[in-house]
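Student: As they're listed, the protein sequences go chains S and W.
The numbering of the first sequence is full-length UniProt numbering, which starts it at 1 and goes up by one.
The numbering of the second sequence is full-length UniProt numbering, which starts it at 1 and goes up by one.
No lab work stands behind these hints, which were simulated from the structure alone.
Mixed in with the good hints, there may be bad ones.
Taking CB as the label site, the calculated pair distances span [unchecked claim]: (1) S:48 <-> W:186: 17 to 27 Å; (2) S:174 <-> W:141: 54 to 64 Å; (3) W:202 <-> S:40: 47 to 57 Å; (4) W:340 <-> S:48: 49 to 59 Å; (5) S:112 <-> W:252: 41 to 51 Å; (6) S:6 <-> W:160: 14 to 24 Å; (7) W:313 <-> S:48: 39 to 49 Å; (8) S:30 <-> W:199: 20 to 30 Å; (9) W:257 <-> S:52: 45 to 55 Å; (10) S:186 <-> W:202: 55 to 65 Å; (11) S:20 <-> W:261: 24 to 34 Å; (12) S:194 <-> W:102: 42 to 52 Å.
So, partial list: chain S residues that the calculated Cβ filter (under 8 Å) puts toward chain W [as the list claims (entries may be wrong)]: (13) 44; (14) 123; (15) 137; (16) 213; (17) 249.
Away from chain S, derived, C-beta distances all over 10 Å, residues of chain W [said to hold, decoys possible]: (18) 105; (19) 136; (20) 215; (21) 261; (22) 299.
None of these values were measured; they are calculated from a predicted model.
Cβ atoms here follow ideal geometry from the backbone N, Cα and C, with glycine treated the same way.
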Amino acid sequence: MKIGRGELFIGRAFLTILMLITVLPFISIFLTALHPSGTVPRGFEWPADPQWGNFLEAFKVANMTALLSSSLYIVAAVVPVSLIISTMAAFAIGLLRIPGSKFLFPLFVFGLTLPFGGIIVPLYYLERWMGIYNTRLAIVLPLIGLYMPFAVFWMRAHFISMPIEITEAARIDGASAWDLFRRIHLPLARAPLSSLGILMSVWTWNQFLLALVLVEDPTRRTMAGALGAFQGHYATNVPLLCAGTILILVPTLVVFVLFQRQIITALLQGSIKG
Amino acid sequence: MLPVCSKQSRLNIYGNWKSKESGCVTMPEFSKLSSLMKKTSDKVRVPNKVSRRFSLGGKDRRETIIGGLFVTPALVMYAIFVLVPLVLSVYYSFFRWNGITPMTWVGLKNYRTVFEVPDLLATIFNAFKLVLFFSIIPVGLGLIVASVIQRVGSGRFGSITRTVLFLPQVIPLVAAGIIWGWLLALPGLINEVLTAVGLESFTRAWLGDFTWALPSVGMIGVWVLLGFCTVLLSTGITKIDPALYESARIDGASWWNEFLSITVPLLKYEIGVCLTVTVINALSAFDIVYVSTAGGPGNSTAVPGVKIYILAFTEQRIGLASALAVLLMILVLVVVLPLQRLNREEE
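Construct the complete structure from the given sequences, taking the supplied hints into account.
Tutor: Here it is, written out as structure tokens:
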């Protein structure tokens, strides 16, 4: 393909500038985080005396060890359970003859557009009544419920895209519905399952509203929820706030770099199928 | 349609008979089917409609029971933590309630209040203003970026661009709010840049300014969502036949010609998807707004999500908060459903 040299230069310059604009905010808070704690530095300036200790201080004052374990606990509880129950439901809705499947699937899909804000108030009172308010379960249980529409939708799309011959051949060999699930379809679903798992992990880590409303104690929240509380305490101490923010977003960036391809495809396919 | 029978010999998908009970078709149908099968290769797929009709015979009921058991856990979690609160939202919206004392039935009064109190109605207008920033700009700019990548970003350069632009999408929105809260502050980066290029008179505390706070919050949304739209549209472009671009270029088409006559029309479906996702993001925005401005200054950046939170958890007006919540859910449905239908038609 022939493209003029001038155009190539202008196009690439445009993209480079755009990349710079995207990355500058990260660099700015990184530089700010290196300034002496408690000062108000300028927005973009290499500090005279970089305070690497700020990260350590933020780690301590934010009680980061407790936060990390709390977030990991929540992710470890939400993701496997959501994966298992949504996959089973999607399998049944997609491939088994079950009563009411015609209305079950739209019922789940209906939840796809639901803003969390729409149900957060009753959720608060429901959880007080159930006695799980201000525990980690207060985040875990509703998140599992809230992930069901997307997860069921996603896994069903996978199951119905599998060649029907696989199912039929197994049935002919006398496989029961359970065998079909456990022996045939589950092993074949590894790729969509892992994408879904990564997506739900990131979403859980980043979940803010549920943590803010349903858990008072920041050390029992998700990372993003804890960051909200941290901001409340250290809003005036900009370098420390920036250091804390970096500590909390670094894990998401690491996960992204490691699983980049899966995350991007999962997000895209997820929205396209939606 | 093949009639279903039981306890006869059965047919596997390649047209061989075996003598065992379960999935089968009657003989006349079979002969048609098998001649059809012979014409095509082994790899051919039986259309779903046909093969779904294979019956499991006596296993049917067991399968129904297992299927029911499979669906139950997901359904129960969904029902308890999504559907029940949804119904409760609607229920609460008909009462005046402070969360402690008994509820008082007020009928539709809370809904009337939402439409009559300017500060509440403004949240809905603000949500639509955010649509401009969260949807229109990212999709428009994303289209331009994606087509530039298509033209000049072959190989590594293009994939690095996509990855970098995507970064803001993976960090917590709360972090995005905090980062930009600092960038847009009086001593922040934005004002530094403005000063550096001689626009010092233009500097201000962006998020504290009645006129500029909402557009500033909107720009955070552009930063977060541009990468998502770019990558999605860019993936769409790779599916367009390159021959189209090649012949356009042989004819000496400029980037702009290509953009208008090939890229945009052929990406209608992807554009629809982008719009749907970003519009949902805009209307139900909470994290970014709450963290960067909490709805202020005054009421200038209040969106429904934030207002619901304030009404319910600081002002203890549960009924009113719920009415706004119900309106928000209806709003999202009303805006998104037509977009979805558009997508289907384009497909």
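Student: Starting from the range 42 to 52 Å, see whether the pair residue 194 (chain S) and residue 102 (chain W) falls in it by beta-carbon distance.
Tutor: Cβ of residue 194 (chain S) to Cβ of residue 102 (chain W): about 50 Å, so the range 42 to 52 Å holds.
Student: Assuming the hint says 55 to 65 Å, is it satisfied by the Cβ distance from residue 186 (chain S) to residue 202 (chain W) or not?
Tutor: Given about 59 Å between the Cβ atoms, the range holds.
Student: Taking the beta carbons of residue 202 (chain W) and residue 40 (chain S), is their distance inside 47 to 57 Å?
Tutor: 21 Å, violated
Student: Can we trust that residue 136 (chain W) is non-interface, i.e. its beta-carbon lies farther than 10 Å from all of chain S?
Tutor: About 17 Å separates residue 136 (chain W) from the closest Cβ of chain S, which puts it past 10 Å; holds.
Student: If you check the beta carbons of residue 6 (chain S) and residue 160 (chain W), does the distance land in 14 to 24 Å?
Tutor: This hint holds: roughly 22 Å between Cβ atoms.
Student: Was residue 261 (chain W) rightly flagged as not at the interface, with every chain S Cβ beyond 10 Å?
Tutor: 17 Å, holds
Student: Regarding the assertion that residue 215 (chain W) does not contact chain S, is the least Cβ-Cβ distance greater than 10 Å?
Tutor: 16 Å, holds
Student: Check the following: the C-beta atoms of residue 174 (chain S) and residue 141 (chain W) are separated by a distance inside 54 to 64 Å.
Tutor: 57 Å, holds
Student: Does residue 249 (chain S) pass the interface hint, meaning its C-beta sits closer than 8 Å to a C-beta of chain W?
Tutor: It holds, given that the least Cβ distance between residue 249 (chain S) and chain W is near 4 Å, below 8 Å.
Student: For residue 105 (chain W), is the shortest CB-to-CB distance to chain S above 10 Å, so the non-interface label stands?
Tutor: 17 Å, holds
Student: CB of residue 30 (chain S) to CB of residue 199 (chain W), is that within 20 to 30 Å?
Tutor: 25 Å, holds
Student: State, for the Cβ atoms of residue 20 (chain S) and residue 261 (chain W), whether the hinted interval 24 to 34 Å holds or is violated.
Tutor: 31 Å, holds
Hint compliance for this structure: hints 3, 15 are broken, all remaining hints hold.
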